[in-house]
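**Student:** Construct the complete structure from the given sequences, taking the supplied hints into account.
Those sequence lines, one after another, are chains E and L.
Each residue of the first sequence is one higher than the last, beginning at 1 in my numbering.
Each residue of the second sequence is one higher than the last, beginning at 1 in my numbering.
Take the hints with a grain of salt, since some may be wrong.
One side of the interface only, derived from the structure: several residues of chain E facing chain L at Cβ under 7 Å [as the list claims (entries may be wrong)]: (1) C38; (2) G39; (3) A64.
The list that follows gives simulated cross-link-like pairs (lysine-lysine, DSS-like), each with its CA atoms no further than 27 Å apart [said to hold, decoys possible]: (4) E/K108 - L/K409; (5) L/K409 - E/K61; (6) L/K26 - E/K108.
Read the hints as simulated data drawn from the structure, not as lab findings.
Positions of the beta carbon are idealized from the N, C-alpha and C atoms, including for glycine.
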Amino acid sequence: MSSADIYREIILDYYRNPRNYGKIQDPDISQRDSNPLCGDELEMHLNIKDDKVADVKFTGKGCAISQASASMLTELIMGKDFEYVKKLTKDDILDNLGLHDLGPARIKCALLSLKVLKSGLYSYIIDKLKDTASADQIKEQASGLY
Amino acid sequence: MQTSFINVESIRNDFPILKRKVHKDKPLVYLDNAATTQKPIQVIDAISNFYLTYNSNIHRAVHELAEEATLAYEATRDKVAKFINAKNREEIVFVRGTTEAINLVAYAWGRQNVNKDDIIVTTEYEHHSNIVPWQLLAKEKGAKLEYIGVDDNGELILDHLDKYLQTGKVKIVTFSQMSNVLGTITNSEEIVKRCKKYGVRVLIDGAQSVPHLKVDLQKLDCDFFAFSAHKMLGPTGVGVLWARKELLQGMVPFNGGGDMIREVHKYETTWNDLPYKFEAGTPNIADVIGFAAAIDYLDKIGMDNVREHEMELTKYALDKLSQMKGMILYGPKDITKRGGVISFNLGDIHPHDLATIIDEDGIAIRSGHHCAQVLMERLDVSATSRASFYIYNTKEEVDVFVKSLNRAKELFRI
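**Tutor:** Here it is as structure tokens:
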């Protein structure tokens with residue numbers, strides 16, 4: 001897709017004025033990751049109440065696509081339950097951004113936030129479970145998701 | 001199209017890839033030469049001719065093909081020695097690239113000579129390949145890794161070097177002759193001079209300098225020198241480690257295997273002569289032979305002319321870029337202190353976004369941390385965009401590049 005289609009007003013707005021940008025003190029979930037190819041960084045903090053996302057914030061450095069994607073994802077999951085987050089797919093993220101035909105180099109930018117979110121959430125669930133059989137099953141599910 | 005130093009038009013005719021279009025109908029403007037350069041037809045032909053007419057393994061067999069291949073492979077060694085003014089051909093070791101050359105020294109020399117509490121000195125503007133091998137060595141030995149800092153002009157702060165040298169604990173100082181991000185040309189001879197006073201060994205990473213400047217090892221007077229063929233018109237997978245003969249003699253082999261031995265018995269092996277002691281296994285014969293054609297090509301142009309051409313282009317580009325609103329340029333402003341590498345940031349456009357946008361106009365630049373995350377931290381940025389020039393680039397291409405940057409500004413509404 002052309003740059004004019006990628007860098008629409010809404011993407012630039014979320015890049016320059018990211019919603020839910022910042023940190024949560026003593027979050028239930030804190031997850032960080034980076035893209036080794038380009039050095040983009042992202043950290044997400046979540047508070048969980050009754051298996052729901054009570055609060056979510058992110059900080060990071062990176063391109064407009066990665067930062068807008070992260071910000072829009074925080075809005076998407078705010079107040080939602082675990083099942084909703086678990087079911088989020090790569091297409092949901094791209095739909096949300098309105099970016100469909102990103103090349104292989106740039107699609108990683110768009111999906112870094114989903115990767116961070118899912119890694120954080122699954123680690124949290126696994127920690128709570130203390131049941132290794134179910135934990136392994138969940139890990140296996142998670143690995144197929146992105 | 002022509003600058004006064006070299007005939008760019010005729011050079012461009014030697015590079016078939018420069019005729020191709022990208023994104024359907026955009027002429028390719030290749031400004032990612034610090035990553036790898038394009039290859040002239042002479043290099044491609046040399047490699048193809050090897051496979052078509054005398055492909056065989058070298059050094060062992062006695063048949064005619066093997067003899068031709070061995071001669072061509074060894075002739076490259078002589079050309080390399082002459083190109084960088086090394087005294088002895090047996091000081092030239094062929095490796096896969098600069099990274100392998102530095103790892104070879106860190107492993108084979110470092111493990112014998114660096115001990116607990118010793119200091120290894122590198123700089124803040126090194127490529128990861130001149131940091132990570134030393135981190136591994138320092139961790140293994142309990143040694144310390146220290147950094148010469150970079151000032152706001154993008155130059156090394158040599159007082160830092162003195163401070164470390166005065167401890168008497170430094171075993172090796174290792175630095176690049178030209179920064180792959182800032183383009184800064186290191187004051188190498190001065191560093192070597194200071195190190196010699198303390199009997200400290202010096203490794204110079206010439207990956208960015210050998211392709212663009214005349215390098216004279218006798219003047220540099222360092223102990224180890226590393227560079228890659230693919231950044232100077234040659235093929236990928238070939239690099240050079242030069243080291244003083246007496247050092248190579250004292251070092252243990254890096255890889256064990258065929259060709260590096262004199263005699264192998266069940267429990268003991270004696271080593272082959274230099275440089276073969278460090279060239280285990282079948283080497284990258286075809287590409288080493290191709291590398292000779294690259295050296296011939298550069299020799300014909302003359303490295304002084306290469307440098308003059310790049311200085312003129314870089315000055316032209318810097319003049320235009322510095323006039324752009326929102327432009328932040330990194331590295332020395334003095335054109336004599338830098339090579340043809342320009343790192344920059346434009347407004348709040350992230351380098352990845354910028355590279356994506358101008359790629360649509362056929363322009364290939366690099367964006368990201370350029371394998372220099374320590375320097376990115378020093379500059380307090382997560383990434384930069386980088387345009388880098390070579391012998392086939394033109395002022396017209398710089399104009400296309402600047403025009404495309406303006407389009408990016410419009411897209412980002414700045």
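**Student:** Holds or violated: are the alpha carbons of E/K108 and L/K409 at most 27 Å from each other?
**Tutor:** Given pair E/K108, L/K409 holds - Cα atoms ~24 Å apart, limit 27 Å.
**Student:** Could you check if E/C38 really has its C-beta closer than 7 Å to a C-beta on chain L?
**Tutor:** 5 Å, holds
**Student:** For the pair supplied as a hint, L/K26 and E/K108, confirm whether the alpha-carbon distance does not exceed 27 Å.
**Tutor:** 26 Å, holds
**Student:** Does the alpha-carbon distance linking L/K409 and E/K61 stay inside the 27 Å limit?
**Tutor:** 20 Å, holds
**Student:** Classify the hint on E/A64 as holds or violated, based on whether any CB of chain L lies nearer than 7 Å to its CB.
**Tutor:** Holds - the Cβ of E/A64 comes within 7 Å of chain L, reaching about 5 Å at its closest.
**Student:** Given E/G39 as an interface hint, is the shortest Cβ-Cβ distance to chain L below 7 Å?
**Tutor:** Holds - the Cβ of E/G39 comes within 7 Å of chain L, reaching about 4 Å at its closest.
Going through the hint list in order, the structure satisfies each hint without exception.
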